[in-house]
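> Quick note: the sequence shown uses our numbering, first residue 1, plus one each step.
Check the hints yourself; a few may be wrong.
[To be verified] Simulated restraints, written as ranges between beta carbons of each label pair: (1) Glu5 to Ala40: 50 to 58 Å; (2) Glu49 to Val104: 34 to 42 Å; (3) Cys85 to Asp41: 50 to 58 Å; (4) Glu46 to Glu77: 45 to 53 Å; (5) Asp45 to Gly87: 43 to 51 Å; (6) Leu109 to Arg63: 16 to 24 Å; (7) Lys62 to Glu4: 25 to 33 Å.
It should be emphasised that the hints constitute simulated quantities derived from the structure, not laboratory data. Since we're looking at a predicted model, the values are computed, not measured. Idealized CB from N, CA, C, for every residue including glycine.
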Amino acid sequence: MTKEEIKKYKKILEEEKEKLEKEIAEHEELVDFGVDIDGADEEADEAEEMGNRMAISQTLKKRLEEISGALRRIEEEKYGRCIKCGGEISREILNVVPESDLCVKCKQLSLGQ
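Construct the entire structure; sequences and hints are all you get.
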């Protein structure tokens, strides 16, 4: 992989990381339950909203970890290489999911295909 390609992927990853950090902060803002005593339906709705926010936040955090890992691999000069077999990850995959850490073969094996 050329230095220009790595630079391009690094920029994409850094931009996505910044976007995810903002989204996580928004989802982790506490839902204002207020001090009033609401009806059971309203309390249930508020609890459901909080649960949904937490689930979305966890998904975003996992993606953020994957992006941070890809940025770390760039710094270690290991980006674009499969973490299992060391083979090259295709540009087609990196263009769609730049944080990918597995080649097609290892990804298929991990999914049991």
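> Please go over all the hints and tell whether each is borne out by the structure.
Against the structure, the hints come out as follows:
no. : hint                        : verdict
1   : Glu5 to Ala40: 50 to 58 Å   : holds (57 Å)
2   : Glu49 to Val104: 34 to 42 Å : holds (39 Å)
3   : Cys85 to Asp41: 50 to 58 Å  : holds (54 Å)
4   : Glu46 to Glu77: 45 to 53 Å  : holds (49 Å)
5   : Asp45 to Gly87: 43 to 51 Å  : holds (49 Å)
6   : Leu109 to Arg63: 16 to 24 Å : holds (22 Å)
7   : Lys62 to Glu4: 25 to 33 Å   : holds (29 Å)
Of the numbered hints stated above, none is contradicted by the structure.
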